[in-house]
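Here the structure of chain A is known, so what remains is to put chain B in place on it, guided by the hints.
Protein sequences, first through last, are from chains A and B.
With the first letter of the first sequence counted as 1, position 94 gets the number 94 in our numbering; the numbers rise by one all the way through.
With the first letter of the second sequence counted as 1, position 48 gets the number 48 in our numbering; the numbers rise by one all the way through.
Calculated directly from the structure, the hints in this document are not laboratory data.
Because the structure is a prediction, the values reported are computed rather than measured.
Zero decoy hints are in this set.
Put simply, identical chains are the same to the list, so a pair is met inside one copy or across any two.
Here are the simulated EDC-like pairs of lysine to aspartate or glutamate, each with C-alpha atoms no more than 20 Å apart in a straight line:
no. : residue 1 : residue 2
1   : LYS330    : GLU458
2   : LYS451    : GLU577
3   : LYS330    : GLU100
4   : LYS609    : GLU577
2 protein chains.
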Amino acid sequence: MLNKIKRILIGKPLKSYELQGQKLNKLKALAILSSDALSSVAYGPEQILTALAVLGVIAFWYSLPIAVGVLILLSVLILSYRQIIHSYPQGGGAYMVAKENLGTNFGLIAGGSLLIDYILTVAVSVSAGTDAITSAFPELYPYNVLISIIIVIIITILNLRGLTESATVLAYPVYLFVIALAFLILFGFYHVLTGHIPESTHASIGTPVMGISLFILLKAFSSGCSALTGVEAISNAIPSFKEPSAKNAARTLTLMGCILGALFTGIVILAYLYGVTPSASQTVLSQLGAEVFGRNGFYFFIQGTTALILILAANTGFSAFPLLAFNLAKDKFLPRPFTTRGDRLGYSNGILTLGVASIILIVLFGGNTGNLIPLYAVGVFIPFSLSQTGMIVKWVRQRPKGWLTKLAINLSGALICYLILIIFFVTKFEKVWISLIFLPVILAIFHRIHKHYNAVGEQLRLDVSKKLRDIDMKENIVIVPISGITTVVEQSILYAKSLSDNVIAVYIGFSQEAIEQMEKEWEAWDTGVRLVTIHSLYRSILRPLSKFIDTIKYKTESSQARITVVMPQFYTKKWWEGLLHNQSGTLIRAYLVRTKDIALTTIPYRFKK
Amino acid sequence: MLNKIKRILIGKPLKSYELQGQKLNKLKALAILSSDALSSVAYGPEQILTALAVLGVIAFWYSLPIAVGVLILLSVLILSYRQIIHSYPQGGGAYMVAKENLGTNFGLIAGGSLLIDYILTVAVSVSAGTDAITSAFPELYPYNVLISIIIVIIITILNLRGLTESATVLAYPVYLFVIALAFLILFGFYHVLTGHIPESTHASIGTPVMGISLFILLKAFSSGCSALTGVEAISNAIPSFKEPSAKNAARTLTLMGCILGALFTGIVILAYLYGVTPSASQTVLSQLGAEVFGRNGFYFFIQGTTALILILAANTGFSAFPLLAFNLAKDKFLPRPFTTRGDRLGYSNGILTLGVASIILIVLFGGNTGNLIPLYAVGVFIPFSLSQTGMIVKWVRQRPKGWLTKLAINLSGALICYLILIIFFVTKFEKVWISLIFLPVILAIFHRIHKHYNAVGEQLRLDVSKKLRDIDMKENIVIVPISGITTVVEQSILYAKSLSDNVIAVYIGFSQEAIEQMEKEWEAWDTGVRLVTIHSLYRSILRPLSKFIDTIKYKTESSQARITVVMPQFYTKKWWEGLLHNQSGTLIRAYLVRTKDIALTTIPYRFKK
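Chain A on its own, in the form it takes in the complex (with noise of 0.2 Å):
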């Protein structure tokens, strides 16, 4: 039944070698992986906007330089990364860069900062596609946290049925979404150019600002950052592009980011062309599209996309943490069911994981998740700048030809990265602090993994020099708990007597009549094996027998005898049925197995009528 709606939901399991045939082309690749990057613009520019606003609208024209040094630091980190995908083509980012080159636990700071942000964006990203959602249909606005969760939901069971078929599903909006915002860029600038557009919307370039200061400047400028997460995402999942992968993979990378700094620029130019306002109660974008298109059905179009690539931004999140959860497991620092491939091939554990961990951060913050993104955003950069260094480190080791142009271009990369995480701590530490003790947590969470995974390794490891053959073999003593004589029990001792000539037979009694009646029996039954008798005063069962069973192990501890209980477990043929029998054996079992040095034997009896 269970197997069943799996299999509606999930798809027939897929065997191993046919994982070829799930490898992303580098159109499906620029749309599955760019999604959490491309629907950046959609709340980027906004951002800048709305920390200028402190000013007034007079400020606004500061929006063109601070956009200028996002584009500059988007430049650097497509170089950046390119060279990061083509030194790590089997994937991996910043958890590999950071761990290869600058040690194990500057790797984990960078592998926790990313598992805990790709959960964010799956959050955020749902979150904010559902607030679009809700805010074109407000009467759906009190099932926004059951929306939310049916997105999530219905996105991890088309991850669960493999990458490829749900990229088909997916990559359209991503399409529609470049189509739509280029259409919009473009008729805007048409309009600007035949002069639609009053001059008096917008402040010349260079007009002084009463109460600007580098504070508000730099604020502005991090908050345009956000416009860069999901940057990282295609360096992560290299291996799930086709051969040659690595070169697929830096030229879709360079494909988003010109898409993005395209989209980017020309949304920062138009706003401020048109003068656009940020408020709370419509979105830059929206009020961009009301005044080019007008509310018609094109208007409509840019919204519901967006709405579209902001839910699909969340996918980004499904395809880079189970890679990064599957590394890290690799490594033993998460527990390893993360490696193992599901019924489809996905890493479906890393899967199931993210889905829930990103409903629970819903359900935790009632759909309103917008707080998060600051956190975010720092999450993001925390990552970006330990990978840059780690390139750094690696090219100053190796020196390869033409090194000091990489460089250059990582070094670069990397302060920059570094100094925009100092500009958040400082300008926005109010909501960002709470990362400085949960990094500190989830890396001592991964080193007690570690520390564990490696205590067994140790526990577990052979030495195989010692031949088997070689080894003594102990003697077995086999215990039979015994209550009555029957064919359950005959069944028991007959197996006992074939595994070991040493069969003890145990039985524990209420009352001296009973134990009598007992031995009376056996005699008769002529078995072979020994009875031992217990007078049980107090009705139980377990504490005799276990009893028993620390004497035998007490006077066999020269021999080093091995202990073997045999116990029956009865099945019944309808579940009811169960019910009207004495569940003790299984507790008994249960208790044994855990706490004495035994080997428990467990003979099925199916009743047959």
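Leaving out everything else, chain B in the frame of chain A:
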């Protein structure tokens, strides 16, 4: 932890031979077994007046002849039950008597009615008692259900501690109640004799009444019979009495009958003389108390002991239900656990079942179980009738000395009981029809349980004449699934080799390389054990392993070899470390033992760090 709480609540476990100490002397037995019957006088007289009230106050004189009828019925019942006690000194009451003389099915009807009845006793009595408390302290009214549940839990715990100890706690209120009512009646009559009561308050006996009909009189009579519920309790609990138990029980029964009769008669006559009219807001007993004493301390004393005895009436159920369940379970009509004595030598499973069932009833009815009273009365009169009938059959069959007198007593008892049952179904069908559905259902359950136990017994029965020593031993094939070469695998293989010369190690690999690697390592280890490798295309271990076992089974069908699968079970030092290990081993073990005809041996492996 849990064990400690249990010890505090229940007390230390008792040894089986301490059973004798738990027996009751007559005075304590009176208190513990007759609270149900005696508490009935708190509502019996009122029920008669309520039934007559449709004709007006003038009809109340009919309560006197009706009371005479009830008294006659009481005498007959007491006499009949004395005969039952002497004939069945081992207890069991209606169930035993009906089963022995009328056949199993009639016995089960009696038993089933009584089982439900005891649950009703507890629910109804506790709810009524709680109502009395919350009527006195209206601020507690919102916590009605909660108070009832707490009371049931307390009674349950006291019963789990053991019978005598509970009796000491619970005996006093019964004595106090009897004393309180005796005072009430004596002072009441004193006031009448000294002329404090006006003649006009009651119509004189024989006054003609408009609209009087046999139907109404019969309804009033049957309502009055609710005062007789609980009379049978003593005959069910004979083994709880001190030796000579039958004689002591019979004397206690007679004593109880006299007290019950006296109190009932006194209250009916007083109510008539004082012209008390039943009302919704105040009980007849409360009105009488207020008339005789005024609303002073003594009035509250009466009310208090009434509330207490109603609650204690529930305790009768706790004495009778576990014994009846024991008898039914001994005859294989109820699950066997009802036959085992708990730590304190009570039938704890019966006690707990009753506690839980009555709490469920209280919650379902929101503490308002008044409508259940007629159902409860019917449930009592069915076993009354059946046990009387059983006794008739017994006398006719056995014809002991003086059997005609005995027959006459039981015959009149039976006739009256059947008459009352008929009256119940005719006059109160709308409230008792459900018992016509419930009883057949319970009967069916009894029979299905019985059938199952018989089938099991048949399958377990062994022909001991065939000596075990002579049975040929079967070959043992031991299968050890392995996932690599580790200390655990070494331990498993060594153990397997000590069991049999025919050991097969099975390795299930997910890739051809892994399999080849394993085969090479295995050869190098030189175990003397055959390794079978299986390539699993779907990354599943369970299915290939299951198929492999089937294959071995099929190949060895002719020799009927026994297959044993040996698997390790890991125990980590800290609980959270367990989460880091794949629990698939547990699932595989559960699946194999559930579906395959194999023996499954679990070897515990405890990590030391």
